[in-house]
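For the sequence shown, full-length UniProt numbering gives the first residue as 1, with consecutive numbering after it.
Quick caveat, the hints were computed from the structure, so don't treat them as lab data.
It cannot be assumed that every hint is accurate.
What the hints assert, rightly or not - Computed cross-link-like contacts, DSBU-like style, restricted to lysine-lysine with a CA-CA straight-line distance of at most 35 Å:
#  : residue 1 : residue 2
1  : 571       : 427
2  : 570       : 476
3  : 570       : 395
4  : 427       : 265
5  : 476       : 270
6  : 591       : 495
7  : 591       : 265
8  : 357       : 188
9  : 541       : 570
10 : 270       : 427
11 : 591       : 476
12 : 395       : 571
13 : 357       : 395
14 : 591       : 570
15 : 427       : 541
16 : 571       : 265
17 : 153       : 265
18 : 482       : 427
19 : 395       : 427
20 : 591       : 270
21 : 357       : 265
22 : 570       : 270
23 : 357       : 427
24 : 536       : 476
25 : 357       : 270
26 : 536       : 571
27 : 270       : 153
28 : 395       : 495
29 : 476       : 495
30 : 570       : 427
31 : 571       : 482
32 : 536       : 482
33 : 541       : 591
34 : 476       : 541
35 : 541       : 495
36 : 571       : 476
37 : 188       : 153
As the list claims (entries may be wrong) - DEER-style ranges, computed between Cβ atoms:
#  : residue 1 : residue 2 : range
38 : 574       : 438       : 26 to 32 Å
39 : 262       : 458       : 42 to 48 Å
40 : 370       : 427       : 41 to 47 Å
Heads up, the beta-carbon is just placed ideally off N, CA and C, and yes, glycines get one too.
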Amino acid sequence: MGCSAGNPFPLSPPTLFRHHHLPNNPSFLHVHSHKHNHSFPFTPPNHSTSSLHHENNNNNNNNSGGGGGGGGDGFGDWSNNFFNFNQNPLFLFNFTNEDKKPFPLTLPKHALLLLISASASLTPFITTTSFVARAKTEDEEIVFEIRGGRRVKLVPDYTKDEFIVFENMWSWLSDGGSSKSLSNLRIKCRDLAARLLLPEGFPESVTSDYLEYSLWRGVQGIAAQISGVLATQALLYAVGLGKGAIPTAAAVNWVLKDGIGYLSKIMLSKYGRHFDVNPKGWRLFADLLENAAFGMEILTPAFPHFFVPIGAVAGAGRSAAALIQAATRSCFYAGFAAQRNFAEVIAKGEAQGMVSKSIGIMLGIALANSVQSSTSLALASFGVVTWIHMFCNLKSYQSIQLRTLNPYRASLVFSHYLLSGLVPSVKEVNDEEPFFPAFPHVNLKPSSQVEEVEILSDDAKNAATHIDRRLQLGSKLSDVVKNRLEAIALFDLYKAEGYILTELQGRYCVVLKETSSPQDMLKSLFQVNYLYWLEKNAGIKSSTTIDDCRPGGRLQISLEYVQREFNHVKKDGEVAGWVLDGLIARPLPNKVRIGNETPSPATVS
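My request is simple: use the sequences and hints to build the entire structure.
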């Protein structure tokens, strides 16, 4: 018929009937019909309009004054038969189509009861939906609440003058209940894992390399724990636990092994400053040391009589590796804390480590049950696990982008700046940095980038390598000054600085004043790089200390350039992402105090 109310059982709220041209006062006509058998009770019976007859209505005014009575009889029949389901009274809605022609729509009373119940149940949802519509139509700003990095939309509730959380009220009609429940469960589990394992505000609260590093470290943690389980099982077999050995003797051997191993951790602690300078290299060394210790422990069942010495050496290696790993881990986490949230990054890192260890223990136990007491199988399994462990370690170190400056990274940045006028990016320098400056060709650059265009020039990399070898921070003044005139010349030239720089036998000797700071060391290294540039590119070589301190001498020219350009380099470096608040180095424990010296400008700033 082309009517606009084609669905006689609408699931949408009754307020939507306004779209069907519903008259202002629709009439409900009580109609009788014969019984019909229906397989589906809500299907309206197919009646012809000619069979509809009106009883005692005002339309049948057969006797005078009977109109009013007819109306009363009609209502009585309604009240008597409404809940009598042996009959099928129909209810008629008068609708109009698009041509303004009226047409009837009949509904069984089952459907009317369902419609009334649904309308009453959906009233709260309709009200909330109207609030949402009102919020959208009144040109109001949308408000979001941030919960753990996730946006939650808020809409105003005008009945209570407050904001409420917006949710799609009709999603339960379109989505399946079970699929939605599973989806919500996955979302809740994901959010819970993020709250427990990732810093609050992730990813804005950490640097861009944090996630990749954490994923690789998680896999290597599992591999390390598997190796630990295999090594522990081998030690237990070697001590004789499975052969009825005397418990006291086994316990004494075990304590001796651990006690000797703890000494290595105490002795190694004095080299802590080395770990700050080259954390990646020392971390790799710790991983190799740890795997070597695991291998020695797995071999102990083959040499049970040497349990204590082998176990002690292996324990010393594991203790030393644990110390280095803890020290370097702090360096990495400090670099990840983009919002100075050091404690939280460390705490979440420990939580991630516990998850890896738990998984590794379970897999290690399963593998140990398969290996049993076979040393050959244990070694074969250990070899595979160690390969996975070291591969993940290398990938994790490739992902780390250290933004602080040690002598090598600072020399590479300054050399590239002097040659090109540009400060290289953090990633470019980290890819080129070797594990240890003594081995410049052993770096972390991915193999896929080896054949790509070199961004950092070979001259800059060679300069950084040579400067790092020739640099001596914390030199003794008595070693670099031969007479009183040289001392006076140096003191006069560097009276406003926190350091004294000179050359001696091909080395760049930096004498630190008592008031010097890491910023002074960074500034001195910038001058060292300019001295190297003068030597290689301008042909100006070192002369006597007195001549170099005079106007036009190497030291005077380089210091004047540094005082003019150092702040510009710092600004450009900070824009590139570098942390230029000082140099991370391990200077010799020598300083000098010259009269009543005052702190240098770099120290004050």
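The hints, checked one at a time:
no.: 1; hint: 571 <-> 427; in the structure: 18 Å, holds
no.: 2; hint: 570 <-> 476; in the structure: 29 Å, holds
no.: 3; hint: 570 <-> 395; in the structure: 31 Å, holds
no.: 4; hint: 427 <-> 265; in the structure: 33 Å, holds
no.: 5; hint: 476 <-> 270; in the structure: 22 Å, holds
no.: 6; hint: 591 <-> 495; in the structure: 15 Å, holds
no.: 7; hint: 591 <-> 265; in the structure: 29 Å, holds
no.: 8; hint: 357 <-> 188; in the structure: 24 Å, holds
no.: 9; hint: 541 <-> 570; in the structure: 27 Å, holds
no.: 10; hint: 270 <-> 427; in the structure: 31 Å, holds
no.: 11; hint: 591 <-> 476; in the structure: 7 Å, holds
no.: 12; hint: 395 <-> 571; in the structure: 31 Å, holds
no.: 13; hint: 357 <-> 395; in the structure: 19 Å, holds
no.: 14; hint: 591 <-> 570; in the structure: 26 Å, holds
no.: 15; hint: 427 <-> 541; in the structure: 34 Å, holds
no.: 16; hint: 571 <-> 265; in the structure: 41 Å, violated
no.: 17; hint: 153 <-> 265; in the structure: 53 Å, violated
no.: 18; hint: 482 <-> 427; in the structure: 44 Å, violated
no.: 19; hint: 395 <-> 427; in the structure: 14 Å, holds
no.: 20; hint: 591 <-> 270; in the structure: 20 Å, holds
no.: 21; hint: 357 <-> 265; in the structure: 22 Å, holds
no.: 22; hint: 570 <-> 270; in the structure: 32 Å, holds
no.: 23; hint: 357 <-> 427; in the structure: 30 Å, holds
no.: 24; hint: 536 <-> 476; in the structure: 27 Å, holds
no.: 25; hint: 357 <-> 270; in the structure: 29 Å, holds
no.: 26; hint: 536 <-> 571; in the structure: 26 Å, holds
no.: 27; hint: 270 <-> 153; in the structure: 54 Å, violated
no.: 28; hint: 395 <-> 495; in the structure: 47 Å, violated
no.: 29; hint: 476 <-> 495; in the structure: 17 Å, holds
no.: 30; hint: 570 <-> 427; in the structure: 18 Å, holds
no.: 31; hint: 571 <-> 482; in the structure: 38 Å, violated
no.: 32; hint: 536 <-> 482; in the structure: 27 Å, holds
no.: 33; hint: 541 <-> 591; in the structure: 27 Å, holds
no.: 34; hint: 476 <-> 541; in the structure: 23 Å, holds
no.: 35; hint: 541 <-> 495; in the structure: 24 Å, holds
no.: 36; hint: 571 <-> 476; in the structure: 32 Å, holds
no.: 37; hint: 188 <-> 153; in the structure: 17 Å, holds
no.: 38; hint: 574 <-> 438: 26 to 32 Å; in the structure: 30 Å, holds
no.: 39; hint: 262 <-> 458: 42 to 48 Å; in the structure: 46 Å, holds
no.: 40; hint: 370 <-> 427: 41 to 47 Å; in the structure: 43 Å, holds
The structure fails hints 16, 17, 18, 27, 28 and 31 (numbered hints given earlier, in ascending order).
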